[in-house]
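One line per chain: the protein sequences are A and B, in this order. Quick note on the working numbering: the first sequence kicks off at 1 and runs consecutively. Quick note on the working numbering: the second sequence kicks off at 312 and runs consecutively.
Please keep in mind that the hints were generated in silico from the structure rather than gathered at the bench. Predicted model only: the values in this text are computed from it and were never measured. Using N, Cα and C, we set each Cβ at its ideal position, and we do this for glycine too. Check the hints yourself; a few may be wrong.
[Said to hold, decoys possible] Distance windows between CB atoms, simulated: (1) VAL136/A - LEU618/B: 51 to 57 Å; (2) PHE110/A - PRO559/B: 28 to 34 Å; (3) PRO127/A - PRO385/B: 43 to 49 Å.
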Amino acid sequence: MSDAELLTLSAILAAMVRAATPLVFAALGELVTERAGVLNLGIEGMMLIGAVAAFAVAHADGGILLSIAAGAAAGMAIAALFAVLALGLRANQVACGLALSLFGVGLSAFLGKGLIGTPIEALPALPLPGLSRIPVIGKALFDHDILVYLSVLAAPAIHLFLFRSRAGLILRAVGENHDAAHAIGYAVLRVRLLAVLFGGAMAGLGGAYLSLTYTPMWVENMAAGRGWIALALVVFATWRPARALLGAYLFGGVTILQLHAQNWGVGVPSQILAMLPYVATIVVLVAISRDESKIKLNAPACLGKVFHSGR
Amino acid sequence: MKILRRTGLALALALTAGLWGAGGARADEPLKVGFVYVGPIGDHGYSYQHNQGRLAVEKHFGDKVKTTYVENVPEGADAERVIRQLATSGHQLIFTTSFGFMNPTVKVAKQFPKVKFEHATGYRRAPNLAIYTARFYEGRYAAGVAAARMSKTHRLGYIASFPIPEVVRGVNAFLLGARSVDPKAEVRVVWVNSWFDPGKEREAAEALMAQGVDVLAQHTDSAAPVQAAEEKGVWAIGQSSDMSRFGPKSHLTAIVNDWSGYYISRVQAAMDGTWTSTDTWKGFDAGMVHLAPFNPAMPAAVKADVLKVVAAITEKKLHPFTGPIKDQSGKERVAAGQTLSDAELLKMNWFVEGVVGSVPH
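Start from the sequences and build out the full structure, keeping to the hints where you can.
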């Protein structure tokens, strides 16, 4: 490979990481929420609220950590609203989640009115000592901002929590069979509330990445459908954190690759290339839906079901 | 009962419409003008520019007009409700500013024959419905001249939204402008299949810059490409409005949509009673398109050359689509000395030789 090709490869890898990061956050958050048996379709709305809150704090010179925290807290706050409706008042989760998405789009637009057209400095890159000097991949993979590293670390952390800790076991038990979990004395609603709040915080972080680093500005609807992609990724990953991480990187990679490939003379229309990630998700969906045992093994059995403690 | 209520409603509507028709004739009452926008007025792009036009109308006519605007109107059934609402509340002239408002506008215009309507970027007209749009490609040609003069690599990048004639025409005009000063110039196109996705627009910009592009142009709505150019130290050309605050060092100029002059003249016509249903497609000559202030770092000679091109187009001495023009396969599409007709421009679906990338069909 020539130097120019190596540079291009490095640029593609770095771009893949950037494109994947907001998806990693949002998908991992939703994964935990769904593992507890709650389907929250409001990811897009939570991301946008997180984005506008993080941007507002950064714009007021609140500093890096405070901006990031604001994004997570705002996502969590709006997830709490969902929890009140879907858990507290036992409203239909699908309807509440959809409403949350629409509400988030509108509310973030309203809150961000005064922030449009005022760019900020992007979060600084933190090159990892040593690793970032590896040729080609060093610059591509180990020279990013703090949110990127946080998103990658979140996947193994969530895996350990879900499958190696007692709290994770309880969370999964609540998602698999809330009546049984209730019968042996676990507080189903409290566990679900915490899972929903965690999902909100993660979506908020995904949004914060968009407005603080990816494109350091605030514009209405800047998530541009990423919340829905994250939702699909959870199914694609069959509710496993490592696969969600992989799926987000695959998705990000294909998105970036098709932008580059348009001028390589591949001869495939750009719309087809742009469709690829969605096609892959559908294929996985079909593949796991065909095999009943796979669904039973993977999907939380109580996903989306309303819990009535009185029974 | 239901029928009765309906008739009553229709009667009330007719009465109101009649009353407002009479009201319009009185000279001392301000003329009520309505505007419907598809985006937020704070988008610093398309809807923002239409709103600047509305503000210019208010400034020009003072208390002789009263303007109303509705922003963020989705294209579809909701638009019809908004437009009808404006018509029933006494607005005598209503501008609907997005392509997707076409059918709702046609429908409401039929129901309110005394109200005057104007629809932007569409093609359906009626006796009380005029249409208007701007020749943005004139601005893109001039921007192409500026881009080629500033480029060192002879490679210009273009972030394109959807393969519709408006966008294809813009890419071609940009290339022809560039080639008029640099025969080696090429334009690399990346389609993002979206009007608005800051993240994807940024990545398209990065992809182009990785290919050695050193001037970026865009036909998408966010300032993300300008921001990406600023970070990497290459030039960028803004879209719809001046985007220099997103890239003070990189923003070369922008192709600005300016509706002020048109809106003022149409409001004047409505006041004078000379308003008719017209089909307007004007560019530099009517001031509907102009270039944003040039970057201070641009050499004076380049500025002067670009302004010369703008002047030539304004005075109709230069048509951006003058032959010989070949398409990507080398086939001659426009013979030497010929120019493309408006009809051909409106359905353009092929790239000019020198554009790298393809029009997906």
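Status of the hints after comparison with the structure:
1. VAL136/A - LEU618/B: 51 to 57 Å: Violated: the Cβ-Cβ distance is about 45 Å, outside 51 to 57 Å.
2. PHE110/A - PRO559/B: 28 to 34 Å: 29 Å Cβ-Cβ, so the 28 to 34 Å window holds.
3. PRO127/A - PRO385/B: 43 to 49 Å: 45 Å Cβ-Cβ, so the 43 to 49 Å window holds.
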